[in-house]
Amino acid sequence: MSGKRRLRSPFALLLLVAYAFVFFSLYLMEPCAIELRVGTFAGSNWDVPQGESYAYLDHVIARFEAEHPGVKVTYQSGIRKSDYTEWLAGRELAGEMPDVFLIPQDDFNLYAGLGALLPLDALAKKDDAFALDDFYPAPLAFGRSADDAALYALPAECVPRLMFVNRTLLDREGIPMPQDDWTWDDFLAICQKVTRDTDGDGRLDQFGAYGYNWQDAAVTSGAELFREDGKASYFTDERIESAVRFANALHQLQRNQVVQERDFDIGHVAFRPFNFAAYRTYKPYPWRIKKATDFEWDCIRLPRGPEGRNTSPVQTLLMGISAKTKERQLAWEFLKAYCHDRENQTLLLSLSAALPTRRGIIEEAAPQELFGAEASGRTGRSPLAVSQVIEEGTVPYRFPRYVAAMRLADQEIQKLIDSDALEVNSMNRIQKEINDLLLK
Amino acid sequence: MSDTSLRRAKRLARALDASELHQMHDVLIIYNGMVVTLTAAFMSLTQDKIIRSFHARAFLEQLSSVPLPPVSGFFTSVGAFLLLALLGWLYREGKMMPTMRYACLTAEIFVCIVLLRSFDLAYDGVVLLVVADLLHRYSGRHQLVVLTCAMLGLYAIVDYNAMFFEHQVTPFDVYTSYYAPSARSWIHLMHTGLASFNLILFVFYLTLLIRQNHQEKQRIASLNAQLEEANTRLRAYAIEAESMAETRERNRLAREIHDTLGHALTGIAAGLDATALLVDLAPDKAKEQLVKIKETALRGLKDVRRSVKKLRPDDLEHLPLRQAIANMVEEFASSTGMKIDFEVLEWPERLRPDQEEVLYRVVQEGMTNARRHGHAKHLEITIGAKRGAIYLLLADDGEGADIAELEKGFGLRHMQERLALLHGKLRYWSDSGFTLEAILPENEEASNFL
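Residue numbers (the numbering used here), protein chains in the order written: chain A, 1 to 440; chain B, 441 to 890.
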């Protein structure tokens, strides 16, 4: 009896092993879907209302999955833009970073410094169907880290900062629409002209500009604020000083009255710098009603200083790959599909308020698509001009202390402007403070 | 009696010391395991709390690299520690090749670095554990060099990392800063306390190790003294035994000669006396008597031969000379490690036993001399026969000798005498090593030509 039982158990074991082997090999042979996780947020990056937050992403995913069978691209929806930064940091800390994710501009230095982003140079070089020259230089520059100049992210979308012009107001005042190559003097002259009391109550109720600050003047002054490596600043440069003086002159026109955003909305302000996403959002119906209801508006480049150019700062939304991703090549393919694919990027124009970062798409877009259906006709702007603005956009500073340094500078200079206390040596003092911060 | 009991007590003390050291090492490992687990658990839990309470962004900003995820970070730390302990145990207790042991130690150091990295150097006491292992076992030729290099390396790693974090808050402080100030100070107190206690344990371990090493040295010194004494006694005994054996042999020879040769000669002398009387009176009787005397003489000769045979070496007694020499050479070579070539150019025919014995003795003595006085590593023995003469040549590569001083000792005179009895000759010279040449005539006629 016991002999028989002893004999049977090895056979049972063998059978069990055989079964296990078969099941296991079947399981292995089963083509299991590769999951690619994408980190994204709801709403627009440019603080403008956006109807369908995930329209562009869904479109890219659908195309990508069709081209890559067996790949499932997933994302967690419903994360607001304000929560996204914390959500992303939490994922990073928990080791559950999405393979590909949008990088908020302020977070780029953090993740690049932590080594959480995959360097893309090697992948880009290996890929024949990809060239970095396809991107506008300014947005692409955002994706490079300040210290080792490695490319850690690709620009997904961008918006230039442009000057919005209340055309109705200018028409009423009999002032011709300024051209793209206008100067600070032109700007100041128009502002001087339009700043006045229209209803005779002794208070100014029509203004030249709202939201134009010394930084806009500095960008167009032709001078650099900082050394490339972020170890020194040039606030005592004559051109910077004249930019601040110019901002101060504009401020003085208002005679200590504070201009509100509402003043612009109801058509009492001639100029307002705005990002282009806002223009594209508010120009057409339905958002048009929320803003300027009873005036025609248009956008032109920022005015230039005596030695500067009519350049615009360009803001960029970046997308990168997690350094810990298991699907490196696939993640790269998806990143390319999102940021570089011509067809997708063309569609970005209609699905998002922002502009594509790939060259050659804006030029080919219909003006209606770019500026909104009702903008045709009277507007003198062409898609080529918009592309030109991005092409010539100022390359941003990327050194780690830039945000802190700029915050301090803005605080100090704004204080000077608000109190009209600009003196000969005030810029010297500010430069010293900034340099102290930079070298700390 | 008291001597053995003292020795036993010493041995017991030594065993106690070794086990104490072992126990201390175990304590060190267990304590470090505890601290590692505790630290890893604290960091993992804190990290998890930080994620849950939405402080991740602020937390990341304070770090210079992303820490491992909470759960896998904990298991990496604990796993790395277990591996470290296992490797340490293998290194200390395992019986393996030295190369394997070094590989083991290298792996141990590597795992230690992984462990330090896995919790961002929040606890570096494990380095001491590796140092303890290093000190414990390594005893190779370049002990001091290897030890110093390894320790400097470990120190550099730790210090480099410390330098790396110099301008920032240490990662552990980032973790503690999540908690309220009161809790934070408690955590700090515990953290430094645990590290300090580890240091105390390590110093204690070192003390034990040094004490054990010291005692070991003393023990070896005393053993050496004992050995020296025993050696001296043994040498005296050997000399005594040799002289005793010589005396005994002489006595035996005397007895043998007396019993055999004496007996026969006495008989022959008495018989001859009788024959002298008989030769005139009864010549026939005298002839008979002479036959008897001859028989006695032959018997005597036979006895002498038997006695001589008894004095010959064993191998020579029951083996042909060639085989006997080959055996002896092989035995000597294997017992001394000397390389000996035994070459026969032409083997002499019909050797007499006395010739065989002389040749055998010369080879034996020559080998011994080459080894003992010449410290030779290589010896060539050649035997040849040509035109009625037997040649035996022993050439070594040793230190040679001062020929003038040689005359007295080294058994050379003895050899010379033995050869002279058979009309042979002995020559020797010293150039590159020492060379000995013995020439022996094959028979009486040949001796005239030498």
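FYI, nobody ran anything at the bench for these hints, they're computed from the structure.
These figures come from a predicted structure and were not determined experimentally.
Hints may contain errors.
[Unchecked claim] Cβ-Cβ distance ranges computed for the label pairs, FRET-style: (1) A/Glu433 / B/Val511: 43 to 49 angstroms; (2) B/Ser504 / A/Asn428: 21 to 27 angstroms; (3) B/Ala498 / A/Tyr234: 29 to 35 angstroms; (4) A/Leu28 / B/Ala623: 48 to 54 angstroms; (5) A/Gln368 / B/Lys489: 49 to 55 angstroms.
[To be verified] Listed below are the simulated SDA-like cross-link pairs for lysine to any residue, each with C-alpha atoms no more than 20 angstroms apart in a straight line: (6) A/Lys336 / A/Ala94; (7) A/Lys324 / B/Thr647; (8) B/Lys489 / A/Val71; (9) A/Lys324 / B/Gly513; (10) A/Lys440 / B/Gln502; (11) A/Lys324 / B/Pro881; (12) A/Lys324 / A/Phe11; (13) B/Lys489 / A/Ala94.
Note that the Cβ used here is the ideal one computed from N, Cα and C, for glycine as well.
| Checked against the structure, which of the hints given earlier come out wrong? | 2, 6, 7, 8, 11 and 12
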